[in-house]
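The chain contents come next:
Protein chains: 2
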Amino acid sequence: MTSNSIRQKEIAEKTGYSINTVSLALKGSPRISEETRLKIMECARQLNYIPNVVARSLVQKKTNTIGIILTELMNPILTETAQEIEQLLKQAGYNMMLMITNFSPEQEAEALDVLVSRQVDGIMMYPLVRANFSKIRAMHDQRFPIVLLAGGEYDSPSDAVYMNRQAGAYKAVSHFIQDGHRRIGFIRGAMNDEEKQNGYTSALQDNGIDFDPGLVSIIQGDGYKAGYASVQSLYEKGKATAVLCSKDHIALGAMRWCREQGIRVPEDIAFIGFDDIAASSFADVPLTSVQYDVKSVTKKATELLLKRIEEKEHKVGAPLQKIAIDPKLIIRQS
Amino acid sequence: MTSNSIRQKEIAEKTGYSINTVSLALKGSPRISEETRLKIMECARQLNYIPNVVARSLVQKKTNTIGIILTELMNPILTETAQEIEQLLKQAGYNMMLMITNFSPEQEAEALDVLVSRQVDGIMMYPLVRANFSKIRAMHDQRFPIVLLAGGEYDSPSDAVYMNRQAGAYKAVSHFIQDGHRRIGFIRGAMNDEEKQNGYTSALQDNGIDFDPGLVSIIQGDGYKAGYASVQSLYEKGKATAVLCSKDHIALGAMRWCREQGIRVPEDIAFIGFDDIAASSFADVPLTSVQYDVKSVTKKATELLLKRIEEKEHKVGAPLQKIAIDPKLIIRQS
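Going down the list, the sequences are from chains A and B.
Just so you know, the UniProt record's numbering puts 35 at position 35 of the first sequence, and the rest follows in order with no gaps.
Just so you know, the UniProt record's numbering puts 268 at position 268 of the second sequence, and the rest follows in order with no gaps.
So that you can see chain A by itself, here it is in the shape it has in the complex (with noise of 0.2 Å):
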């Protein structure tokens, strides 16, 4: 007698239901009612026996679930990723259990606990920088499907499918350089944000402007009020013609200062964002914008995860895998 089958004596024992009915229940047979699945499993609960989906998992050892793991929600970028990925998932027939870190590391480290123990068949995150490397290069040497949707500028640890940031910055300035600009600032989220530094100071470099630090500002807290309060400086100290900023909402709160105090835009000073978030084509001046192309990260990032999957269940290997896709410039009135 497997320890399956003496669970489920137990269980019909303690329910009063016969053993038949215990296993079918936790099948999930139709022929048996939603209130005597739900005693039976409360109890299977209870006798820590895992049933139904999991039930089914225990001979194809899979869940069909798959973990993501996200810094935060309030991004639109982000938003946009885990609808994104619930729905490519969804069509290969995959459910998404999605968590949060807050931007901490200890919390990162505990969701890939948590989902590999809840026995999830793959894992898709968006790493903090380096913080849990080790972890996840750990994780990937045991071949557990883990796929990264940044982070693969850097020595990646598995597999990653990221936008090219830096390329991005590159592009951006270079725009704002051919526009006849000298004087470009660069407002920086404190977040994940140092290869777009990259991309905007090699651009200057390439093109024989010295970098100025003066024109550089490192904000803190919410995109939109804090682009709104850290313009001026640039504007009026830096005499900056055009600015890079590493959000659009930054961007698109450092306008709003400029529309007030009546300043044109793009006349007197020029913007570029990142992300192309919807937003942007709505402003008052349609802001000229980085795309992060979500619809191409997600789709390649679920097709490597699933090939994965299906590579470790017939033992096959491969090498790890770094996918970087190079993002377009939204040119708008900004």
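Wrong hints could be hidden among the right ones.
The list treats identical chains as one, so a pair stands whether inside a single copy or across any two.
Said to hold, decoys possible - Subject to a maximum C-alpha distance of 27 Å in a straight line, what follows is the list of computed DSSO-like cross-link-like pairs (lysine-lysine):
(1) K312 / K14
(2) K135 / K62
(3) K62 / K9
(4) K237 / K9
(5) K14 / K315
(6) K225 / K299
(7) K312 / K322
No wet-lab data here; the hints were simulated from the structure.
Based on the hints, put chain B in the right spot on chain A.
Then chain B, alone, in the frame of chain A:
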């Protein structure tokens, strides 16, 4: 020998580690290296032995994980709801696992099953109206802790904490009437907005204004674009001088159309939206809005769920509870 220790012996045999090492690894002991722990966990996974977080919960009969089910993530109110709940749960020592239903009754039912089978300690959900109420009622009757974040206006199948949307619409329309409006339109999103329409019609009725079906426009699709496209007929054919919109995004889109046509807000036509999202306070003409008080809803719902979990542990009973939160009208210039 319990079935757990039989499994640990099996894992020890398969991996070549001692039973003691296996046991420590599965408990998440820091004495075991990450690499060893991952090898043991992977083996445990293959043997369908559930490690670590769940192993701990086998003792506690708790997983300290709460499931959250939302209809979508593109609605900023739901995004904020998820973010707030995550932080409240984290403070209370719980992890959050989020699933989304895309407004599909089948996906909603499946999300409930998946989360129960993953042994979450409780669920908070933003339910589809009536879709799975009998299932939710059966779960509630089985004393599975489940708190709804909407739907308390109906014959609620479980505990519910919700914004009183009907009262919100009533308040908004009364505000229009106090300002002298008699031709009041309503642009209604297709989903879940029947309570708002009830509030709209009863405010008209209580003020002796006849209901004119030509002043109600039920829209599909994206809020901003749909608002932009639907306001013309209310303004031109319906002669509306004020319009209640069931989402702020709808009002913002409608106001953009007015601005492009040279129609003044609020002089020619006034607007009130729902939810008081961040973009509403930043709009050209800051939008008056019925506030969705995410912080109150999430705080009360989380408290109620944790109380239910505790009551269940102590086998204490309590009647079903409904907590309605009365919305404020945030009056701005629109």
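Results for each hint:
Within a single copy, K312 and K14 get their C-alpha atoms only as close as 39 Å, which misses the 27 Å cut-off; across copies the closest is 18 Å, which meets it. Taking CA atoms no more than 27 Å apart as the test, K135 paired with K62 passes in both settings, with 23 Å inside one copy and 26 Å between copies. Within a single copy, K62 and K9 get their C-alpha atoms as close as 24 Å, and across copies as close as 23 Å, so both meet the 27 Å cut-off. For a Cα distance limit of 27 Å, the shortest separation of K237 from K9 qualifies neither inside one copy, at 78 Å, nor across copies, at 70 Å.
Taking the shortest Cα distances, K14 and K315 sit within 27 Å of each other only across copies (17 Å), while inside one copy they are farther apart (41 Å). Taking the shortest Cα distances, K225 and K299 sit within 27 Å of each other only across copies (26 Å), while inside one copy they are farther apart (33 Å). For the homomeric pair K312 and K322, the shortest alpha-carbon distance inside one copy (18 Å) is at most 27 Å, but the shortest distance between copies (48 Å) is not.
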